[in-house]
Amino acid sequence: MSITYLEAIREAQARALAEDPRVFIYGQDVGPFGGAFKATKNLAREFPGRVLDAPISEDAIVGLAVGAALEGMRPIVEMQFADFSTIAFNQVVNQAATLFWRTGVPCPIVVRLPSGGTAGSGPFHSQSLESIYAHFPGLFVLTPATVEDAYSMLLAAVALDDPVVFCEHKLLYYHLKAGQLPTEALPIGKARIARPGRDMTIVAYSALLHEALAVAEELATEGTEIEVVDLRSVKPLDTDTIVASVARTGRLLAIGESWPWGGVTAEVVARVAAEGLGLLDAPPQRLNAKDTPIPFHPQLWAAHRPIAESIAAAARNLLKL
Amino acid sequence: MNTPGTPLPAPPAEPSRDLYLRAFQGLLLARALDDKLASLYRGGKISGGLYLGRGQEALSAAIGILLQPGDVFAPLIRDLAGRLAFGETVLEVLQTYLGSPLGPMRGRDGNVHRGRPRAGLLPMVSHLGAMVSVVNGILFARAMKGIPGSIGVASLGDGATSTGASHEGLNQAAVERLPLVAVVANNQYAYSTPVARQYACASLVDRAVGYGFQGTRVDGTDLMACLRALGGAFHRARQGGGPQMVVGDLLRLCGHGEHDDGAYMDLRLREAPFGQDCLKQSEAFLRQSAWATAQEIEEWRNRQIQAVEEALNLVQHDPPVDPYREAWQALSTGPGDIHGE
Chain A
1 MSITYLEAIR
11 EAQARALAED
21 PRVFIYGQDV
31 GPFGGAFKAT
41 KNLAREFPGR
51 VLDAPISEDA
61 IVGLAVGAAL
71 EGMRPIVEMQ
81 FADFSTIAFN
91 QVVNQAATLF
101 WRTGVPCPIV
111 VRLPSGGTAG
121 SGPFHSQSLE
131 SIYAHFPGLF
141 VLTPATVEDA
151 YSMLLAAVAL
161 DDPVVFCEHK
171 LLYYHLKAGQ
181 LPTEALPIGK
191 ARIARPGRDM
201 TIVAYSALLH
211 EALAVAEELA
221 TEGTEIEVVD
231 LRSVKPLDTD
241 TIVASVARTG
251 RLLAIGESWP
261 WGGVTAEVVA
271 RVAAEGLGLL
281 DAPPQRLNAK
291 DTPIPFHPQL
301 WAAHRPIAES
311 IAAAARNLLK
321 L
Chain B
1001 MNTPGTPLPA
1011 PPAEPSRDLY
1021 LRAFQGLLLA
1031 RALDDKLASL
1041 YRGGKISGGL
1051 YLGRGQEALS
1061 AAIGILLQPG
1071 DVFAPLIRDL
1081 AGRLAFGETV
1091 LEVLQTYLGS
1101 PLGPMRGRDG
1111 NVHRGRPRAG
1121 LLPMVSHLGA
1131 MVSVVNGILF
1141 ARAMKGIPGS
1151 IGVASLGDGA
1161 TSTGASHEGL
1171 NQAAVERLPL
1181 VAVVANNQYA
1191 YSTPVARQYA
1201 CASLVDRAVG
1211 YGFQGTRVDG
1221 TDLMACLRAL
1231 GGAFHRARQG
1241 GGPQMVVGDL
1251 LRLCGHGEHD
1261 DGAYMDLRLR
1271 EAPFGQDCLK
1281 QSEAFLRQSA
1291 WATAQEIEEW
1301 RNRQIQAVEE
1311 ALNLVQHDPP
1321 VDPYREAWQA
1331 LSTGPGDIHG
1341 E
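Chains A and B are the protein sequences, given in the same order.
If you're matching positions, the first sequence starts at 1 in the working numbering and goes up one per residue.
If you're matching positions, the second sequence starts at 1001 in the working numbering and goes up one per residue.
Rather than coming from a laboratory, the hints here were simulated on the basis of the structure.
Watch out, some of these pointers could steer you wrong.
[Said to hold, decoys possible] What follows is a set of in silico ranges between Cβ atoms, one per label pair, in the way DEER data are often shown: (1) B:1022 to A:122: 55 to 63 Å; (2) A:32 to B:1127: 29 to 37 Å; (3) B:1325 to A:293: 56 to 64 Å.
[Said to hold, decoys possible] Each computed DSS-like pair below joins lysine-lysine, with the alpha-carbon atoms no more than 30 Å apart: (4) A:177 to A:41; (5) A:38 to B:1145; (6) A:177 to A:190; (7) A:290 to A:320; (8) A:41 to B:1280.
For every residue, glycine included, the Cβ atom is placed at its ideal position computed from N, Cα and C.
All chains should be built: construct the whole structure from the sequences, respecting the hints.
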């Protein structure tokens, strides 16, 4: 038996619906159709009246979730694509994220963002927006990279009393598999050493974790031992685990699929520079997608985002510094 | 929404003298508090903006007086009268404007952004159209939980009706068949922009049918007409008649905020029927109908001015905010409950 990343997300939602009567799912095509990616397959049938199609109104979808949360519910909102959440941006960053601080009343909503590129998806169905959401106070921004984390972190997100932006990577949906669902999990906000090493730290999250692991495997054949840190959560960010890793390796490469100006990788580098400059044997490096909209053509797209080849090149370059 | 052939609920009773007088007290209190706030602002006692409700109190007070405990109210910036009638206290208003740590916003947010979500009074974000769907969410959750009977009001101005968020929210209310009442205070200006640059339909109420709402247009300077129109709309929404829109024609009798003298406003609008001062209108109505004497009205006005003074005396004894005691924590999940930062 095996379960995919996408099935884990579906199973987490099924369990949340089954165990907590406050949970409901609201989004475009999530009802009988089961969602554009089938993350809510059969849930409308299994949980009548609690998995509901919404009009194409991302702003009002999140606004309704905020109101329902004020009324004690635990809504899960599916944005059909992370890219479309820009229409809901105001509700997420100004309404949901400010509510507790302003009023003392928590706002437990989960906004699921099917994120990242897939071949041929182009500028408006490929975005990774974790960096821009992480910039705003009042939000958790979670970026699971494994089947186990997709399941356990989504359940944890529903249990949190704060708004959560849940970035699930579309590239992992179908091909990433695990033997079974996890029975225990690391706490939210705790990063994980995905592979130990002593020569360099690569900090990754979401789909790029797997590219980083492939690079570590490849460079191991050349005698370089790369330690790979899976952030799991980009906000909060587990600085301690990152700095401890850099203390062991002396070299840092932070990789991310969002754009290069600012963002998660810049934050990682800034924190290591501020808290562990003396631990570094070489200037800290970062690798992001290129600073253009995301191209449609599969060959252009593959060159736009960091992949094993470009990460390996950056890693080899860092070893020479 | 009513399907064709379904009879509408019976109309509510005509507004009583008692209801009118209670609403009128709300007009007096709101005007007295606005006047006091304006003098505090001029004296440099208020940080940030001050947005008055002059000219809009009749429509606003009618909302607040007709809502019931358990209902939901998302006000606009000129809804002081409605907020007070819905249960907000003068003390809370002053605490918020003066930044008291004992007020509902504790100095973290100010002026018109105050509220008590648990009491159904929503603290607006500045992007007002975005409040419609939040009201929807509360009503949606209640329907899901099987709690019947409550309604929600989203207050909008002519400006907010131009936003995409209000369109999404209004359409959503109709699709979800929610007991939402959208009250549009058409006060002729959004900041400095006249309605001719805001919309091109003959009347904003024409949009109601497009959304699947029942629409009503009312003279927003006439308290009795407002009570009647809103009473009918609230009754229909409460009885399952579907979402309602009430458009009140009125005129903002002040600048956008007290920093703005409104010099761009067309003075001829003051001669229009909707350019009347609703407070003077209702005082005349009370005297003509012999529901109150001029002397009684003066006594009531003085009583409300006194109530404002008493609250101001109280709030002046509140401690100042203390940045060193501020938690500086945007999440409700405590730092001890999570890893990282």
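Tested hints:
1. B:1022 to A:122: 55 to 63 Å: Check passed, 60 Å falls within 55 to 63 Å.
2. A:32 to B:1127: 29 to 37 Å: The hinted range 29 to 37 Å holds for residue 32 (chain A) and residue 1127 (chain B), with Cβ atoms some 33 Å apart.
3. B:1325 to A:293: 56 to 64 Å: Distance hint for residue 1325 (chain B), residue 293 (chain A) is violated at roughly 46 Å.
4. A:177 to A:41: Holds, at about 18 Å.
5. A:38 to B:1145: This hinted pair holds, its Cα atoms lying about 27 Å apart.
6. A:177 to A:190: holds, 22 Å
7. A:290 to A:320: Cα-Cα ~23 Å, so holds.
8. A:41 to B:1280: Given that 30 Å is the threshold and the Cα spacing comes to 61 Å, the pair is violated.
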